[in-house]
Every structure is written in structure tokens, then in C-alpha cells.
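Asker: Below are the chains, spelled out letter by letter.
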Amino acid sequence: MLRVEDVHVAYDKVEVIKGVTFNVNQGEVVVIIGSNGAGKTTVINTIAGLLRPLSGSIYFNDECISDKLPAEKIVARGIALCPEGRQIFPQHTVYENLVLGGYLIRKDKALLTRRIEQMYEMFPILRTRYKQMAGTLSGGEQQMLAIARAMMIDPKLLLLDEPSAGLAPIYVQAVFDMIADLARNYTTILLVEQMANIALDIADRAYVLETGSISMEGSAADIKKDPRIIESYLGKKG
Amino acid sequence: MLEAIESGLVMGSIYALLALAINIIYSTTGIINFAHAELVMLGAMFSLAIIVNSGAPIIPGLIIACALVGVVALVLYYATIKPFGDRLGNSLGWLMTTLGAGIIFKNIAQLIWGTQPRAFPSIGGESLKTVLGIKILPHDLWVLVITLAIALFIMALFDKTVLGSAIRATAHSHNTTRLMGISAEKIILVCFLMSGIVAGIAGNLIAPITFAGAQMTSTIGLKGFGAAIIGGIGNSKGAFVGGLLLGILEAVSMLYVTPGYKDAIAFFIMIAVISIKPGGIFGVAYETKV
Amino acid sequence: MWPMKRKFNRGQTILWMIAVAALIGYCFGPATGPYYLRLLSLSLIYLILTSGLNIVSGYTGQVSLGQAGLYGIGAYTGGILATSLGWSFWLCLPAAMAVAGIFGLLLGLPTLRVSGHYLALITIGFGVIVEKILIEWVGLTGGPEGIYIPGVTMFGTPVDETMFFYILLAICLIVILITRNIIHSPYGNAFSAIRGNETAASCMGIGIMKYKLLAFVLSSVFAGLSGCLYAFYSTYISPDTFVFNLSVFFLLTIIVGGQGTLTGPIIGTILLTIGPEYLSSIDKYRMILYGLILIVAVIGLPDGITGIIRRKFPDLITFSQPKEICADPIVPTHAENQGGELLALTGVSKEFGGLMAIDNVTLTLDKGSIHSLIGPNGAGKSTLINLITGVYAPNHGQISFDNKPISGNNPSLIARLGIARTFQNVQLFKNLTVVENVLAGTHRHNKASLFEFILRTKKARKIADYSYAETWGLFKLIVLEAKASDFADSLSAGQQRLLEIARALALKPKLLILDEPAAGLNEVEINSLGRIIKQIKDKGISILLIEHHIDFVMDISDKGSVLNFGRIIAEGTPGEVQTNPEVIEAYLGKKVVDEPC
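Chains as they are written, first to last, in my numbering: chain A, 1 to 238; chain B, 1 to 290; chain C, 1 to 597.
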């Protein structure tokens, strides 16, 4: 479904992504793990169209999306990004956030209402808080809102950027359970994450990103058992 | 005193209209449109050309005039803001370019319509009405009513419609808004259009008070910025209240000081507000992570 | 001041020849007839003002659209003193400068805490207020009728237009010389640094408010001088000269000529004052032309004409090696008492709008040691550094350095106590060359006053030479001499990081804080970095190191602290930290299913 081929990305004149190639097949959960500064957000922002690659191409369902398409058109193709730090609109209510997420389907009022209802089913806490300002929700609730908002257009591919970032440990588990649910029932998921262990639990396949290049790849189970993971985060034991 | 407050409310409504329009653009782009005063002036001049000189009927003529100002505002965006692209926030370049555009508009207007101020017909005729015990011109009443109507319309638009929601979202973050499939640029264009139309309306409301001419909005424009700041820039409620407040303060101070200092006082208030509480009355001062 | 030109290269020779030609041209001014003489005189008067405007707006980045007001204050001060008190021209000049300077100070004060458009609006408001007062206060200013000013006499003889022209030329040249001396001194460097990056400038020990105010005062003194000269030159002043459009014109000359350059105001002012005269047939369109130039220049030529010239002749500004270089540029710190704590944090907390970024952190750093701070993304490492360096103030707790409390002090004060830092996202002064970036770190040790630099006294020159020598020594250390005259943003990522370190070392710190210095570096560069850090440590300078490259960090640290969710979760030697299960969990997350060993 998604093919990333030898993509190089520069940020502020520095080449941050140095030629990565990977793919995501329909129905899969693929995770890219890596420690800080590895370039995870850069990769996912490039797929979403917020950044343009220096070279290389990204194909979605065989259409090249890395060339000229602005981010908003990529969303229309069916790729939704739940960005780093959640980025919910703090001065909008929970309901308004969801409506914005469904902007592309706003003309079909019946569909919009159905979708919102679906989101409330999946994330009951949002139904309770629907009139609350999103900025006053807890971190975990904001993450749920961000995911629900991304799901409003029923995307073919859901991108998640470090859903665990800044979340207290109890919320992290809940959020990942939610993501696993989504995977079981709905969409294809590509997720970048620092918390390797918990991400690998819900993934089918994994890639390890280290300073802009992919250093390991394989099934999630294999990667999880590999001792080199700890090394890539904490260094070789002296 | 009551008369002072009444005339203060009228001028204040004008300032409020200016501040509202300035605010629409500021909240979505982070820039203050320094050509706004000239857009207001063009509203009056277009009406003059279309209705007074060409004899078109009033209502359609007004609509066309205001729509034209909206179009000029779009041109303004493409010429002075769009070229900066993502670098917009990096410097004060937009200040110079919008300033330059304003100068161009003003001087072209001067070339076309000359430097002599012209009379501009007011709404509702010349006979005074009595409201709450004070005599008031029908035009003044219309100014208050129309300003209130526009302010309510804008607030309703922002709070209750999806478009308004999208505009507020763009004001918060362009990139996140794009992730919803919304083109931030299209939203900004809508905002410029709206700002231009409101400017046009304001021009038509001011002209009967001040006479129509290329120079008519030079100082009023700057006071519009002042009003926006006093109320809290980035905030429609603030813009509205800031405008009214500025108008009233200015009018009341005229009871104690020579009228010529009117403008000086308005700017002094603006500087004082910036120095003490840059966020204005409704602004929120909070520490942001660097 | 900085030994910039040893041997004139081709570009510089051409430039000097053009300058000399222009000067000669001006000397023949009176020969062009009275009309053009007036124009040339006006251009000189304006140039005095725009040189000052360039200091505050071009160099320091504080956009001022109120210079016409200061110009008017200068003119009216001279006019009023001459007509009411009968003061002579020569007395009125310093009086006008002083009065304008005071107003400049008043104008500058409210702008200190705000920036960008607020600043511009304050200056615009100021200009309008001055204009209105000039019109309304008839008793003082004569109102719209204006003031007629008596002629100037020098040694008893009346001064005619030609004589006045040469006086103007002389004063203008002196002003340009003074401006040059200011710009080429640490003061000029500080101004440019503030425009480049205020936070970084502050962390290098540059007192932001002090320099901004100074820039405002300088620009207003020049404006006052210019205004007074104008008043006596034209013998009649009225309020409608000192309008907002004039302020816009002044700013336009700087933009067109090139902001923040010495030649900018000269080129811009002469071009825009005399140029349009050749197009006098289109006088009606003059303002429209100015408006267009403003738009086009800002979008297309952000660095003005000087910028174009510099790009065509990159050798114009070259820094060359000084006679003596500091062989050992890293200055050892005299440890007041061997060992012991250098930096201590006790119970420090910081929250942002309800979010606890730093939660009750207690940390000590020993003298002469390398202490690492590691932790996953969002743990709060940079926030902690910002708390130590004064960018933020803690909500609770104490921070002390060398037994002195520093919590909540502003960054420039803390820097001057001896803490230097680099930033996670490199915060170099992109508008400055490599040399000037490092020089920005030497402000801690600049002990001469502005006047001494203007007059280029022996003491001032000695300080400048010494800073320059040290700077060059630091270049050799980071192997960047070849790039000394290049702009900072032309360097590679690795070189930029090293440059930041060199700048921090120029401060001669007791504590050096490095925020992710290895990010984006390749292996070779990381090895260099390691070597340099060891050299720094050997001189007794303590280092607080934040890094993700755990390998690198563990190799060179004595001790490490691990931060997660704003709290310290582990502390100890590198080995201990690496194998601590809580640390592993912080980075990788809990193992949900325990794998059998």
C-alpha cells in the first residue's frame, strides 16, 4: 500500500534522513522504532506531505505522493496523520475537534454524524467530554481525541507519531490497547515510536531507525528478541 | 458628557470595525495588515465612483464597491504576503510590504480622485432623531447598528460554523489544520476577502463623517491598530471592545483637552497598553516553552 | 578595530576607489548650481540620520518608524533655542542632540519588553504624537505657521550655502567615521548579535536591554543632530515636514541600501534622495515608486544593494590572521577550592500551564568533572538547561553556582558569572560571519566604554586585539581558520556545532553546558568533538553534557543523571546507569510480556 523508496530528507540544510526504504502492506501494523534524534518524526512528516524529500519517492497505492501533492491533498487520498504531541485544537471543544477531523466529509451530514457516533463508541470518554475544551483534557484523553480525529475520514492508512510521548505510563498502555483494537478492526497502521517494547507488542513488522538510516528490519517478534535494540538506545556496554 | 459618550461610541464603532478586520487577518497569519486603512478608504472611493458619479442604485452599488475592496485585499495577499511563503514569521518584511502597498493605494487614489476631499452622502438623511434624551444623527445610529450586526455576524461565524471553526484552527496552527485536509492558504484567502469587505463597509460608514478623499483614513487606520491592541490582538471580542473603549476614552478626553490632541491621546493610550500589558484587555499572558 | 584589511584585494580596491570618487564628487558639490547643491546638502543631512537609524534598525533589528519625530525634535529644539533664547548654531547642535537623545531613551523604554510589530507600532505612535504636539502647542512651536530660524555665523562671518555645505560634509564624514568605529567594536558586535538571535546573545553575556536602549539613544542623537542641521540649513521649519511618510522614507533608504551594513545607508540615502530628481517628470508618481520599491526590495533584495555587491564580491569582507595567536585558547579556570560543588540544584520545579516539566530535581556537579544528563525525548533536559542558564525561572527550588544563588537571574548575568552553553538546535548568529560569532562570546571581558571605542584609544585597541587573537586561537582548535570570513550559515552541521562550542569557550567559562553537541555529526566529527571535550576538561573547566549518543556520553563522563518526565530516575557512573532497569524501561518502555531468559 505504501512504498518508501530511497528517500533522503533535509531539515534546515542538514540531511536528516539518509536514504530509507520500507513499505507497509494493507492490513498490517508496521512500527518504526528509534531513539531520539533518529529522524522518526521527519520520516512520518514527509509521508504526510509536510516535508518534501530531497530525493527518492513515496508511493501510495502506486500513486507518487512525494512529488507535488500538498499535505491537505494527501489527506484526501486517505492518509491521516496523528502528529507528535497530539496537536489537538485546545480552544475547540472535543466535538469541534472531531468535526474538523471530518472536514472532508462535512457535506454529508448523515455520514458525519455516524462517524462521530462511531468515535464515541470506540472512545467513550470522548462522548462524556464532548462539550469540553480540548485543551483541558488529560494527556491520555487528548491522545484518544487525536486518534479519533484522524479516524474521522476512515483513512486507508493511519500514521501515528510517537503516541506515547509525554504520556504517563498508565495512559500509554490504554492508548496502545486502543491502537491494537483499531488494527484488528479497521485500518492499516504505520507507527513511529520510541518506546520499543510496547510498540513491538502490537506490530506485525518493524524497522529500526538510527541516525537517519534503517539499521534493522524484520518481524516484530524477531526484533523484540534482538539484544541490539538496547544497544541502539543505550550504547554498547563499556 | 452624554454627547461625548455618544460620539465616542460612534467613532468607537468605526475603530471596532477596523480592529475586527485587522484581527481576522492577524489571527490566521500572525501579521498586521498595514494597508488596512487604505482598503477602508478604497471602499468609500469605489462607492463614490460607482454610486455618486455613475448613478448606480445604492444597495447594489455598495455591494459591488465592498466586493471590489475584497478583491483588492486578495491582490494584496498575493503581492505582499504570499511571496514570503514559510519565511513569513522570520522577519518584519510583511510590515514593509503591506506598508508599501498602502502607500501605493493611497497615491493611486490621489491620482485618480485628486487631493480635494469630497462630500459623501450619509445614510438616513439629515434630521436629528432623539434617543435616550440625546439628539443623534440617523447616520450615527446606522453606524452603531451595522457595527454591532457585523460583530455579531463574525462572532457567530467563528463560533458556530464549520468554516469559522476551520479559521480558528488555522489561527492556531497551519500544519495541523492541513492535516485535516483543509488548505490553510484557502482559509487565509477567505480571511483576506472578509477583511476587505468589512474594510469597504467601514469606509462607507466613515466617509460621511470625515469626507471622502485619499487621505481620509491615514490616522484612523493607525487607531484601528491601537484598538485591536488595546482589546487584545488575536481576539474578536477584544477587537470590538477595544474599539468602543478607545472611541469613548478619546471622546471623553476631548472634554478636558484641546481637540487637536485627540490623535495624540489615542496613540498614547496604545503605547501605554503595549508597555503594560501587550496582550491587551482580553489577551492571555502565559509563558510559552522556548 | 578588528584587523580586517591587511592587503586590499581586488574587490576592496574597487570599492575604495568608488568611495573616493564619490567623495571628490561631493567636494565639487557647489559647482553643480544651487538646485543640486540643496539636494546634495539634504542628502548629507539625511545620511547623518540614516546612519543612526541603521544602528538601531539595521544592526540591532529594532524597526523604528518614528525617526521623523526625533528629527523634528532636533529641528525644533534648535529652532526654539535660536529664536527664543538667541543661542548660536554651534550651541544648539549639542543641545538638540541631547534633547533628542533623551526622547530616544523615553521611546526605547517601552519597546524593551516587546518586539516585532508591537515595537513598530510604538515607534509609529511616537512619531504621530510628536507631529501632533508640534502642530498644537503653538506657544512653544509656533504651530502650523512654523518657525523662521536666523542664519549661522562662524567666527563672526555669516555662513553662506556653499560654506554650510562643506560644514555638512565635514560633520557627515565624522558621523560615518564614528559609526564605523562603533560597528567595528564589541558594541557593534553586540548589536548584530541581538538582531541575529536574542536568546543566544543573552546567553553569551550580552545585556539585551542595555544594548537596545543604547542603540535607540545613539540613533536619536544622530537624528537630533540631523534635525538641527536641517533647521539651520533651510532657515524655516514647520510641522508638515516631520510626518510618518518621512519615517518610512528613512527606513526605505536602509532597506534599499542594505540593512546592517556600513555602506547601506550611504548607498540608499544618496540613491533615494538624488535619484528621483532625475525622474522629476514623474514627481506625481514619486510616492507610488517608493511604495513599489519598498515591496520589491523587501521581497527580492532583503539584504539590499550592499547584499548584492557582497554576493558578487565575497572577498569584500575578509578577516585575516592576527600577528599573535593565543597558542592555548582554552583558558584554565582557577578553581577556588579544589574539588567541591560547582553547580547545585535543590528541589527545582518548573511548570508550564499545568504541565510539570521539571519535578523536584536535585543535582550536583563537581568542579572539574564531566557530568552527563540523559533521558528520552520530552524528559525535560533542555528545560533544565534553560533553568540553569536563566532562560526560565524556576517555580520552586534553588540553583546555585560557585556558592552564589542564581535562580531566576537573567541569562546575561549568569553568563557573566561564568556559565557558557550551546543549544540543542544550533543558535548561531546567522547574519554574522564565523569570526563575529566567536567574538560575540568575548563580551564578558570587554572592559572599555563606548567612548573609548569611538575614539579608538589605546586601551580599546588592546582589548580588541586581544579578543581577536583569542578568537583566532579558538579557530585553530576547531580547525576552522579557512572559513573565518564566511557567514555562519554556510558551514556544515558539524562545523556549526564546533563553532558554537568555540563561541562558548570565548566566554572563558567555569562551566560549559553542551546541549546535544553530537546530534547530526558523523563519526569523524564525533571523534573530534570527543578530543576537544577532553582538552576542555583537562583545563579544569567543568562540563554538563546532554546527549542521546549514549556511547559517546558514557565514554567521557565521570557521572551521569537520567531524567524522565522531569524527574531524576537514576544517577551514578556510566556503567551503573547503562544497566539500570528503570533507565532501560524509560527509553524502551515496559516489557509487557516477560521473555524467558
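Bear in mind the hints are in silico, worked out from the structure with no lab data behind them. Please note: incorrect hints may appear among the correct ones.
[Said to hold, decoys possible] Here are the computed lysine-lysine pairs in the DSS-like style, where the Cα-Cα straight-line distance is at most 25 Å:
1) C:559 x C:476
2) B:277 x A:107
3) B:82 x A:68
4) B:82 x A:107
5) C:312 x A:13
6) C:537 x C:559
7) B:186 x A:109
8) B:186 x A:73
9) C:210 x A:13
10) A:131 x B:160
11) C:539 x C:476
12) C:210 x B:277
13) B:160 x B:82
14) C:458 x C:539
15) B:82 x A:73
16) A:13 x C:559
17) A:68 x B:160
18) C:430 x C:539
19) A:13 x B:186
Since the model is a prediction, treat every value here as computed from it, not as a measurement.
Asker: I'd like to know which numbered hints this structure contradicts. Please list them from smallest to largest.
Answerer: 1, 2, 4, 9, 13, 14, 16, 17, 18 and 19
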